[in-house]
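**Student:** Line order of the protein sequences matches chains B, W, E and C.
For the first sequence, the numbering used here assigns the number 1 to the initial residue and increments by one for each residue that follows.
For the second sequence, the numbering used here assigns the number 1 to the initial residue and increments by one for each residue that follows.
For the third sequence, the numbering used here assigns the number 1 to the initial residue and increments by one for each residue that follows.
For the fourth sequence, the numbering used here assigns the number 1 to the initial residue and increments by one for each residue that follows.
Don't take each hint at face value.
You can't tell identical chains apart in this list, so a pair holds if it fits in one copy or across any two.
Below, in silico cross-link-like pairs of lysine-lysine (DSS-like), each with a Cα-Cα straight-line distance of 30 Å or less [to be verified]:
| id | residue 1 | residue 2 |
| --- | --- | --- |
| 1 | Lys-242 | Lys-78 |
| 2 | Lys-298 | Lys-4 |
| 3 | Lys-200 | Lys-115 |
| 4 | Lys-94 | Lys-242 |
| 5 | Lys-242 | Lys-200 |
| 6 | Lys-242 | Lys-320 |
| 7 | Lys-306 | Lys-287 |
| 8 | Lys-95 | Lys-213 |
| 9 | Lys-287 | Lys-213 |
| 10 | Lys-218 | Lys-95 |
| 11 | Lys-298 | Lys-309 |
| 12 | Lys-320 | Lys-298 |
| 13 | Lys-309 | Lys-95 |
| 14 | Lys-217 | Lys-78 |
| 15 | Lys-243 | Lys-320 |
| 16 | Lys-88 | Lys-306 |
| 17 | Lys-94 | Lys-200 |
| 18 | Lys-4 | Lys-217 |
| 19 | Lys-200 | Lys-287 |
| 20 | Lys-88 | Lys-217 |
| 21 | Lys-243 | Lys-287 |
| 22 | Lys-298 | Lys-87 |
| 23 | Lys-217 | Lys-298 |
| 24 | Lys-287 | Lys-242 |
| 25 | Lys-323 | Lys-287 |
| 26 | Lys-200 | Lys-78 |
Derived by calculation from the structure, the hints in this document are not laboratory data.
For clarity, every value in this text was computed on a predicted model and none was experimentally measured.
Number of protein chains: 4
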Amino acid sequence: MSKKVHKIGVLTSGGDSPGMNAAIRAVVRTGLYHNMEVFGIMRGYQGMIDDDIVPMHSRSVANIIQRGGTILKTARSKDFYTPEGRKKAYDNLKKHGIDGLVVIGGDGSFRGAQKFSNEFDIPCIGLPGTIDKDIAGSDFTIGFDTAVNTAIEAIDKIRDTADAHDRLFIIEVMGRDAGYIALHSGIATGAEHILIPETKTDIEAVVDSLEEKERRKKLVNMIVVAEGDETGGANEVLSIIKKRLPHLDTRVCILGHIQRGGSPSCLDRLIASRLGYAAVDCLLEGKHNIMIGIMNNKLHFTALDKAVKAKQRISEEWMKIVKILAS
Amino acid sequence: MSKKVHKIGVLTSGGDSPGMNAAIRAVVRTGLYHNMEVFGIMRGYQGMIDDDIVPMHSRSVANIIQRGGTILKTARSKDFYTPEGRKKAYDNLKKHGIDGLVVIGGDGSFRGAQKFSNEFDIPCIGLPGTIDKDIAGSDFTIGFDTAVNTAIEAIDKIRDTADAHDRLFIIEVMGRDAGYIALHSGIATGAEHILIPETKTDIEAVVDSLEEKERRKKLVNMIVVAEGDETGGANEVLSIIKKRLPHLDTRVCILGHIQRGGSPSCLDRLIASRLGYAAVDCLLEGKHNIMIGIMNNKLHFTALDKAVKAKQRISEEWMKIVKILAS
Amino acid sequence: MSKKVHKIGVLTSGGDSPGMNAAIRAVVRTGLYHNMEVFGIMRGYQGMIDDDIVPMHSRSVANIIQRGGTILKTARSKDFYTPEGRKKAYDNLKKHGIDGLVVIGGDGSFRGAQKFSNEFDIPCIGLPGTIDKDIAGSDFTIGFDTAVNTAIEAIDKIRDTADAHDRLFIIEVMGRDAGYIALHSGIATGAEHILIPETKTDIEAVVDSLEEKERRKKLVNMIVVAEGDETGGANEVLSIIKKRLPHLDTRVCILGHIQRGGSPSCLDRLIASRLGYAAVDCLLEGKHNIMIGIMNNKLHFTALDKAVKAKQRISEEWMKIVKILAS
Amino acid sequence: MSKKVHKIGVLTSGGDSPGMNAAIRAVVRTGLYHNMEVFGIMRGYQGMIDDDIVPMHSRSVANIIQRGGTILKTARSKDFYTPEGRKKAYDNLKKHGIDGLVVIGGDGSFRGAQKFSNEFDIPCIGLPGTIDKDIAGSDFTIGFDTAVNTAIEAIDKIRDTADAHDRLFIIEVMGRDAGYIALHSGIATGAEHILIPETKTDIEAVVDSLEEKERRKKLVNMIVVAEGDETGGANEVLSIIKKRLPHLDTRVCILGHIQRGGSPSCLDRLIASRLGYAAVDCLLEGKHNIMIGIMNNKLHFTALDKAVKAKQRISEEWMKIVKILAS
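Isolated chain B (complex conformation) (with noise of 0.2 Å):
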């Protein structure tokens, strides 16, 4: 566990997210910058198979911390499943030299690491890759930041037709498991409604309130509901809305992928920037196998299996405040 890493690997792997270049040019710095050779690992989990492997230097990385997506590309391995899709994966990480790894990913892309790690003795560090802030052992995921801004973003000129048309719009923000984009996007908004999976959604009550608000004149409203939320989604919300307000001017806003994109918030540069430094920092040390997060300000650090998608709760407080903001 304790031997010395002299040769380390970078990937990025699941949904991209904005900051992940940041993060692969601290790692890629830090390394060069402990004497070690750095590669870079194309297309997740699958550049491991494929052997498409790439020495990195300090001008790979340069200019590219503003960028979103990931220069290393990104993918969903199905062959890494698979006992000789990791077998050949080590096998090309062996010729190269390469004696640790960073995955930059979500849990999905950590459990992989785990099974890895536990069938060859490469010590795997994770880094919390995902704009949907649900993973259990860090306040901050890097992109979450810059995909809440984006959608704001979005929202705030939906806002404007909604105010000159008196309309009322139904906006989908991405979240399958969490509702994190949702909530912070829709306070930030001053949504009417905010709908996620993590409360339960009584969707009777939101049409109530919505009659409420129309015979007392306030014809402007939003919605805010996570693709994962038990509804169903936006779609699934108008349809409800339209058999009980028929007359209502209701459209319906599915914001999708331009939430993943974007040149990232300074805030998920900082992070990225702060954990890439720190994953190299931990191959050195000997550690292995744990996710770097933040907690209150503070590097944590939780083991690869049980650094899963957190069920947070969504504290109590703040859907009080989201009901008596928009009021």
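We have chain B; now place chains W, E and C onto it with these hints.
**Tutor:** Chains W, E and C only, in chain B's frame:
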């Protein structure tokens, strides 16, 4: 026709578009400068019928030039289609002494103005306010430039993800009858295919080309499709592609209403200011029932009944440029 | 202390910061929810003295959460430094029956509130609103996150030109006493050197390093300097560099007041909403003369006279990260 | 003159401007489409002299249409002013077999191209790339639209603060010889005064007007001044105002180099694509030593020695509109 106009009303009608506020501001301040009284008519023609008419001062339009939407709100009025509705509208104008009207909107709004003006002797000046740029008699419409810039910012973000995942994205932009937003945003983002209502879409040729690109490992592709393209839009294009290229990682993104909102671009603010200023000038000069556009950088006047939705020809050269540059 | 508060006033004071409107909105709506009357006091303490005080309704704060600046305006009041001024202010509050005050501003504003509250028995709650993030007792201040994001967007643009020309840019950001904007924006844009008041700036070492980089043909460089750095700012740094490296193509850019304005970021809107909500809660609970901050994600209360400009220690680790990552 | 061109070089010269990359992309891909070889010449004319010349492929220009700056870098070359420098440049072109040149830049770059082409028989096509829009023979220059939009975004932010504090801001924008950025951004942001080199600035009348506005309590004001205005710029205007109105709260903001960078606007990407495409066409048709511009929406050709800095007349109408609308 040449009787002096003393009190003017201004309204926005139809779909809202960024820059409408800049136009309102210009009408109000130019009117006041000429010692007219200026009234804001709320919610388009409906506000005329409901007597939702407010006096405007210089302060009323302070700090709005940069705002999306329209402070006068907009609506589509069914009542205005009836002779009774229009009579009521006229009576309300008369009550306030309004003897000239500036209508900011699209071709539907102009038809309404024309009809109204034929029945009652009120001179009407139309200003083209629509994100679709589909009005005969003007190279520009208020809102188009902002809408395409919003679209390219969104598509740039989507490309980050497309690149990271080697994916094909089908992106639907607004434009029920006109493909300008699709054409301009598609060229500006390097889309491989641009599907618009003005040209016959050979969807099989598109799929052929995707297949060929797949063979030579060009996997990142973007198709921009106008909502009014004869294929039916992004979801229809998706299902056709899925049939022939089921293994391709293909996603749909419908940009939707974000294209209507947002702070207007410099060009839209300038056009709106210039047209709003000119509208008052025209009323002073006794012109009536014209739309003011800009052609070859000069003001251009079109009779309101000729200011219809233009079946403009998309230049062959642009379609050729698209093919060559996206290769 | 524990007498019930029925009518509250809210004001913004000192330099404006993005998110102040979100805080005002939260105070107003939470107050109304608790059946309080809420008054907006214009232009900070000066409005108290001039009796520029207006009743606030739910509508008064509609559609402002996304606006920069402050609808209550702000000012620095000399009159409030005098006993006569404060007496007059108190009389005006009394006239309106205002028995609680929420002050959104920086440490100077808090000192004023403390003094006022000592003289007249009015409970005051302070909310940290400043782009500089230099208040003891809070990890965040309303406006900081927006300001650093504005700064990095500007610096990203400057880097385009720096890269195109192989130039050195010296960029001055705001921060008279605190280097946080410089530190965060410098890390996030990959600046080679970050000069801040909290650490001793060895300007000769900076020039040495530039000389060394020139030798190895690394010509694109950015130095981010806080206006309060002991060197004196960007122009002073330029003249020092020009003396030793006269042939280097070096430019200065002072970002200035653009850092104060703009639509607030998601984080600033959330913080502002949460703090505004908490301020009313605190008044209801009989708390007085405290600043509410957020530390480790929890509300944190600091006596107003302790909520001073913080001489915060910049972590050694960050300074090391800067060096390694910008190499 | 009409001999066929087989190998072309493309370079960017002078100050960088957003959209240059889109133009490079268009030249490269159109050249390849016509089975030409295309070479990128680094750092303008200096790269020709230093033989810093690289072959360009379709991939070389992938994913750059949205990037600010120029991937070919730019420089002002002193060596190119000498006959020896130009001879060396020619020898290098010959070595690579380059028999046609596309120069993207301003009037200074065109003069260089003209001189070079007179001495050595290489056809040169100029494309107007400058944020200043100061070239005779084109309604647009690559980069201008982006620069004014950057300027108005910055000024919109400054207005937030101006409004909050009732302040006067003097904002300096780029434009050494041309006032277009000042004029357009000033109108678009509702500036009270716009000071440009094309018109005589009556600074005393400006101060009179400020004094009069102060009397009627209109305290928020913005003056936009071009760096090339005969007053000398924002700091000079400030000192004049300070003398007569010392108590006014007046601030200066010099926008500086942020105006050169950033992702190009839709218009700049379109213009750049169209002009880059046309440049190759012109070389194929045997045209030489012309600048391609766009006038009245059509391509417009100007002999390189006529493509000088234009003393364009600012329309009287616009100056009148400024006065009326900002009242």
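**Student:** Does each hint fit the structure? Answer for all of them.
**Tutor:** Evaluated hints:
no.	hint	verdict
1	Lys-242 to Lys-78	between (42 Å within a copy, 20 Å between copies)
2	Lys-298 to Lys-4	within (25 Å within a copy, 40 Å between copies)
3	Lys-200 to Lys-115	neither (35 Å within a copy, 48 Å between copies)
4	Lys-94 to Lys-242	neither (60 Å within a copy, 39 Å between copies)
5	Lys-242 to Lys-200	within (21 Å within a copy, 36 Å between copies)
6	Lys-242 to Lys-320	within (27 Å within a copy, 45 Å between copies)
7	Lys-306 to Lys-287	within (16 Å within a copy, 41 Å between copies)
8	Lys-95 to Lys-213	neither (67 Å within a copy, 32 Å between copies)
9	Lys-287 to Lys-213	neither (57 Å within a copy, 35 Å between copies)
10	Lys-218 to Lys-95	between (67 Å within a copy, 29 Å between copies)
11	Lys-298 to Lys-309	both (20 Å within a copy, 23 Å between copies)
12	Lys-320 to Lys-298	both (29 Å within a copy, 16 Å between copies)
13	Lys-309 to Lys-95	neither (34 Å within a copy, 56 Å between copies)
14	Lys-217 to Lys-78	between (54 Å within a copy, 20 Å between copies)
15	Lys-243 to Lys-320	within (28 Å within a copy, 48 Å between copies)
16	Lys-88 to Lys-306	within (26 Å within a copy, 62 Å between copies)
17	Lys-94 to Lys-200	neither (49 Å within a copy, 46 Å between copies)
18	Lys-4 to Lys-217	neither (69 Å within a copy, 34 Å between copies)
19	Lys-200 to Lys-287	neither (40 Å within a copy, 34 Å between copies)
20	Lys-88 to Lys-217	between (65 Å within a copy, 23 Å between copies)
21	Lys-243 to Lys-287	neither (57 Å within a copy, 48 Å between copies)
22	Lys-298 to Lys-87	neither (36 Å within a copy, 47 Å between copies)
23	Lys-217 to Lys-298	neither (48 Å within a copy, 38 Å between copies)
24	Lys-287 to Lys-242	neither (56 Å within a copy, 45 Å between copies)
25	Lys-323 to Lys-287	between (45 Å within a copy, 24 Å between copies)
26	Lys-200 to Lys-78	neither (34 Å within a copy, 40 Å between copies)
Hint compliance for this structure: hints 3, 4, 8, 9, 13, 17, 18, 19, 21, 22, 23, 24 and 26 are not met, and every other hint is.
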